[in-house]
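Number of protein chains: 2
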Amino acid sequence: MNFPARQKKLRQHLASARLDGLLVSHLPNIRYLCGFTGSAGSLLLDEAGSVFFTDVRYDTQAHEEVKGAKVVVAKKAVLQAVAEWLKKRQRRARGWRLGLEAEHFTLADKKRLSDLLPAAIRLKEAPALVEKDRMIKDADELERICAAVNLGATLFDQALKVLKPGVKESEVAAAMGYTAREQGAEEMSFPTIIASGARSALPHGRASQQPIQSGAFVVCDFGVILEGYCSDQTRTVWVGAATHDARQAYEAVLEAQLTAIKAVRPGATVGEVDEAARKVLRRRGLGRYFTHSTGHGVGLEIHESPRVARGQKELLEPGMVITIEPGVYFPGKWGVRIEDMVAVTANGCEVLTPTSKDFTAV
Amino acid sequence: MNFPARQKKLRQHLASARLDGLLVSHLPNIRYLCGFTGSAGSLLLDEAGSVFFTDVRYDTQAHEEVKGAKVVVAKKAVLQAVAEWLKKRQRRARGWRLGLEAEHFTLADKKRLSDLLPAAIRLKEAPALVEKDRMIKDADELERICAAVNLGATLFDQALKVLKPGVKESEVAAAMGYTAREQGAEEMSFPTIIASGARSALPHGRASQQPIQSGAFVVCDFGVILEGYCSDQTRTVWVGAATHDARQAYEAVLEAQLTAIKAVRPGATVGEVDEAARKVLRRRGLGRYFTHSTGHGVGLEIHESPRVARGQKELLEPGMVITIEPGVYFPGKWGVRIEDMVAVTANGCEVLTPTSKDFTAV
Numbered sequence: 207m208n209f210p211a212r213q214k215k216l217r218q219h220l221a222s223a224r225l226d227g228l229l230v231s232h233l234p235n236i237r238y239l240c241g242f243t244g245s246a247g248s249l250l251l252d253e254a255g256s257v258f259f260t261d262v263r264y265d266t267q268a269h270e271e272v273k274g275a276k277v278v279v280a281k282k283a284v285l286q287a288v289a290e291w292l293k294k295r296q297r298r299a300r301g302w303r304l305g306l307e308a309e310h311f312t313l314a315d316k317k318r319l320s321d322l323l324p325a326a327i328r329l330k331e332a333p334a335l336v337e338k339d340r341m342i343k344d345a346d347e348l349e350r351i352c353a354a355v356n357l358g359a360t361l362f363d364q365a366l367k368v369l370k371p372g373v374k375e376s377e378v379a380a381a382m383g384y385t386a387r388e389q390g391a392e393e394m395s396f397p398t399i400i401a402s403g404a405r406s407a408l409p410h411g412r413a414s415q416q417p418i419q420s421g422a423f424v425v426c427d428f429g430v431i432l433e434g435y436c437s438d439q440t441r442t443v444w445v446g447a448a449t450h451d452a453r454q455a456y457e458a459v460l461e462a463q464l465t466a467i468k469a470v471r472p473g474a475t476v477g478e479v480d481e482a483a484r485k486v487l488r489r490r491g492l493g494r495y496f497t498h499s500t501g502h503g504v505g506l507e508i509h510e511s512p513r514v515a516r517g518q519k520e521l522l523e524p525g526m527v528i529t530i531e532p533g534v535y536f537p538g539k540w541g542v543r544i545e546d547m548v549a550v551t552a553n554g555c556e557v558l559t560p561t562s563k564d565f566t567a568v
Numbered sequence: 207m208n209f210p211a212r213q214k215k216l217r218q219h220l221a222s223a224r225l226d227g228l229l230v231s232h233l234p235n236i237r238y239l240c241g242f243t244g245s246a247g248s249l250l251l252d253e254a255g256s257v258f259f260t261d262v263r264y265d266t267q268a269h270e271e272v273k274g275a276k277v278v279v280a281k282k283a284v285l286q287a288v289a290e291w292l293k294k295r296q297r298r299a300r301g302w303r304l305g306l307e308a309e310h311f312t313l314a315d316k317k318r319l320s321d322l323l324p325a326a327i328r329l330k331e332a333p334a335l336v337e338k339d340r341m342i343k344d345a346d347e348l349e350r351i352c353a354a355v356n357l358g359a360t361l362f363d364q365a366l367k368v369l370k371p372g373v374k375e376s377e378v379a380a381a382m383g384y385t386a387r388e389q390g391a392e393e394m395s396f397p398t399i400i401a402s403g404a405r406s407a408l409p410h411g412r413a414s415q416q417p418i419q420s421g422a423f424v425v426c427d428f429g430v431i432l433e434g435y436c437s438d439q440t441r442t443v444w445v446g447a448a449t450h451d452a453r454q455a456y457e458a459v460l461e462a463q464l465t466a467i468k469a470v471r472p473g474a475t476v477g478e479v480d481e482a483a484r485k486v487l488r489r490r491g492l493g494r495y496f497t498h499s500t501g502h503g504v505g506l507e508i509h510e511s512p513r514v515a516r517g518q519k520e521l522l523e524p525g526m527v528i529t530i531e532p533g534v535y536f537p538g539k540w541g542v543r544i545e546d547m548v549a550v551t552a553n554g555c556e557v558l559t560p561t562s563k564d565f566t567a568v
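Chains as they are written, first to last, in the working numbering: chain A, 207 to 568; chain B, 207 to 568.
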């Protein structure tokens with residue numbers, strides 16, 4: 207990972223954002239910029255260089271992991287160490303403008319920092335500068351993402367081995383989690399969704415103690431984190447003898463998903479991709495059962511920019527990695543969702559998820 | 207769970223905080239107050255009642271789960287729905303004071319909300335009112351916490367079955383995760399720490415692909431979430447034939463832990479509990495190797511108030527549940543930590559964690 211190059215790029219954004227420095231507090235942004243993987247710290251970046259502040263728990267780890275930044279271990283609170291550093295370095299700089307990541311920095315932390323700093327340093331709300339850079343994955347990142355996606359996909363093969371009527375949803379999730387960790391995943395990228403029976407109509411139905419029943423779909427939505435990067439995938443299987451309704455709904459969602467994937471190319475807006483999926487389902491009379499957006503970026507976080515949602519104007523660019531995951535949900539009955547991760551290429555996109563999308567009954 | 211009683215108690219705090227209403231945005235606080243377990247929503251609480259706002263993904267789930275509040279499903283963003291609701295209801299109220307949870311609300315969301323609201327509604331930074339109430343667990347909560355702690359403890363028995371030289375740290379963590387989910391845990395309360403060899407000197411060394419080696423400790427720090435409530439426990443075992451040094455360090459940490467537990471009683475400050483552990487280790491010449499604080503509250507979150515740390519003045523009260531987890535860490539060599547959860551009672555405390563703390567070599 208070329209951390210100095212990322213920091214350099216960010217430094218170039220500071221001037222146009224009218225900032226003299228940026229305090230990066232969002233942990234995935236910190237990991238992206240300097241490699242720190244712990245749970246407490248702040249990265250201060252300005253013209254003079256980068257300083258990473260953490261607490262005593264991460265002394266050894268920070269010195270091992272952090273690249274392209276000096277490491278300072280705070281004796282007390284991290285923000286206090288940041289303030290002391292700034293006071294020493296910037297004491298003669300009137301109107302020195304320090305950006306705070308507005309999407310992450312809390313009101314309370316701003317007050318704390320403001321109370322600790324001299325009036326000469328002005329705190330400014332900074333836009334999501336690092337997130338914007340993170341949308342475009344570099345070659346190192348794409349490699350890690352592919353590795354995570356491929357590991358993640360093996361969990362579904364594992365799920366199919368145990369998924370049958372009478373087995374608890376949680377047992378399926380447990381088997382998948384075991385396989386993930388055994389193969390080296392750091393953790394699951396989110397709590398595994400194994401939603402069977404009427405629960406499959408809940409778009410976010412985490413695995414419960416409910417035994418899997420025949421006569422409905424099971425939505426399996428899962429992912430891993432491997433070397434920091436997330437995978438995200440959904441497959442939906444029918445349990446028992448498939449009904450005509452079930453096949454029709456499945457085919458409609460699959461057509462919507464494939465159509466949206468075809469719409470993914472540089473220069474298209476994410477809103478157009480969302481609309482491509484929505485249009486198919488509307489034509490099939492299912493528009494109002496597709497209750498969420500079509501997808502989202504994936505990388506160091508399971509949900510990151512861009513949002514692939516209705517009306518969004520963000521332009522797709524090569525190197526972006528997004529999910530395409532339309533679904534339809536009939537409350538009290540069942541639901542279907544099909545999700546792949548795709549990487550935007552020079553001419554279109556590459557589907558990263560290797561798993562078959564054929565209608566499957568178990 | 208008596209959600210209306212909790213909301214009533216919070217309502218009583220509003221006047222003393224000089225607020226007309228509070229917008230609760232921190233998800234564990236929302237779960238505590240109205241039972242919602244999803245990942246997006248805001249609870250607006252004022253004299254007139256409580257309204258829970260969520261997005262379309264959680265329509266069914268919110269209607270099933272939320273108690274003591276009206277449910278509004280936002281057509282667009284949750285904050286927009288909140289603003290529209292307030293505009294309709296509070297349009298004639300000049301200087302109506304809406305509290306935002308300052309420890310959680312971001313600068314960007316405050317700006318968004320502020321732009322959507324009429325000037326008559328004033329946004330105020332509210333202290334951690336809900337967290338303060340959450341420190342004292344009620345009988346329902348203590349029951350759930352005990353269930354989580356007991357389930358969590360069985361994972362260590364599982365770990366001991368697989369933990370031996372040559373087995374990867376991640377395999378131990380995988381086996382524990384499987385057992386947790388099989389038994390109905392929603393998820394692990396944090397990524398399992400299985401830190402062997404020199405990695406045991408990293409207080410936060412997540413399970414890696416490293417095979418377990420003889421001649422060092424393995425720190426096992428783990429917990430589950432069961433029905434929303436977290437467990438947190440650490441046991442440290444030696445691998446191979448124990449050295450004199452290892453036994454001495456272990457005994458010192460155990461004495462510090464037992465001494466701190468003895469100091470837990472209503473009316474003591476959390477700082478005194480921290481100092482009790484620290485004093486034992488100082489006397490043994492190990493003070494500077496105890497690099498973190500002694501503990502923290504546990505409940506709906508793995509880390510919540512109070513912080514059991516140096517100099518903290520919070521008074522212990524019956525119903526508080528905290529960890530007691532001193533440790534010593536020798537960088538490059540190994541580390542030891544022993545952690546139980548304890549509940550403050552009328553006269554002292556009850557140790558909830560049932561696992562033996564005898565020195566163990568595998």
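In short, the hints are calculated from the structure, not lab data.
A couple of the hints might just be wrong.
Since the list gives no way to pick one copy over another, a pair counts as held whenever it fits inside one copy or between any two copies.
[What the hints assert, rightly or not] Quick list of in silico lysine-lysine cross-link-like pairs, BS3-like style, CA-CA up to 30 Å: (1) Lys-367 <-> Lys-281; (2) Lys-370 <-> Lys-273; (3) Lys-539 <-> Lys-273; (4) Lys-374 <-> Lys-563; (5) Lys-293 <-> Lys-214; (6) Lys-367 <-> Lys-214; (7) Lys-539 <-> Lys-282; (8) Lys-370 <-> Lys-519; (9) Lys-367 <-> Lys-519; (10) Lys-273 <-> Lys-293; (11) Lys-330 <-> Lys-374; (12) Lys-281 <-> Lys-317; (13) Lys-214 <-> Lys-330; (14) Lys-468 <-> Lys-282; (15) Lys-563 <-> Lys-485.
Okay, the hints, checked on the actual structure:
Taking identical chains as interchangeable, the C-alpha atoms of Lys-367 and Lys-281 are never at most 30 Å apart, the minima being 51 Å within one chain and 40 Å between chains. In this assembly of identical chains, the alpha carbons of Lys-370 and Lys-273 never lie at most 30 Å apart, being 48 Å within a copy and 34 Å across copies at closest. For a Cα distance limit of 30 Å, the shortest separation of Lys-539 from Lys-273 across copies, 24 Å, qualifies, whereas the shortest one inside one copy, 52 Å, does not. Taking the shortest alpha-carbon separations for Lys-374 and Lys-563, only the intra-copy value of 24 Å comes in at or below 30 Å, while the best inter-copy value is 34 Å.
In this assembly of identical chains, Lys-293 and Lys-214 lie within 30 Å of each other by CA distance solely inside one copy; the values are 24 Å within and 45 Å between copies. In the homo-oligomer, the alpha carbons of Lys-367 and Lys-214 never lie at most 30 Å apart, since the shortest distance is 48 Å inside one protomer and 49 Å across protomers. When the C-alpha separation of Lys-539 and Lys-282 is checked against a cutoff of 30 Å, the pair qualifies only between copies, where the shortest distance is 26 Å, while the shortest distance within a copy is 54 Å. In this assembly of identical chains, Lys-370 and Lys-519 lie within 30 Å of each other by CA distance neither inside one copy nor across copies; the values are 43 Å within and 55 Å between.
In this assembly of identical chains, the alpha carbons of Lys-367 and Lys-519 never lie at most 30 Å apart, being 42 Å within a copy and 54 Å across copies at closest. Only within a single protomer do Lys-273 and Lys-293 lie at most 30 Å apart by alpha-carbon distance; the minimum there is 24 Å, versus 49 Å between protomers. In this assembly of identical chains, the alpha carbons of Lys-330 and Lys-374 never lie at most 30 Å apart, being 51 Å within a copy and 47 Å across copies at closest. For a Cα distance limit of 30 Å, the shortest separation of Lys-281 from Lys-317 inside one copy, 20 Å, qualifies, whereas the shortest one across copies, 33 Å, does not.
In this homomeric assembly, Lys-214 and Lys-330 come within 30 Å of each other (Cα to Cα) only inside a single copy, at 21 Å, whereas the closest approach across copies is 38 Å. Taking the shortest alpha-carbon separations for Lys-468 and Lys-282, only the inter-copy value of 27 Å comes in at or below 30 Å, while the best intra-copy value is 53 Å. Taking identical chains as interchangeable, the C-alpha atoms of Lys-563 and Lys-485 lie at most 30 Å apart only when both belong to the same chain, with a minimum of 20 Å there against 62 Å between chains.
Of the numbered hints stated above, those contradicted by the structure are hints 1, 2, 6, 8, 9 and 11, listed in ascending order.
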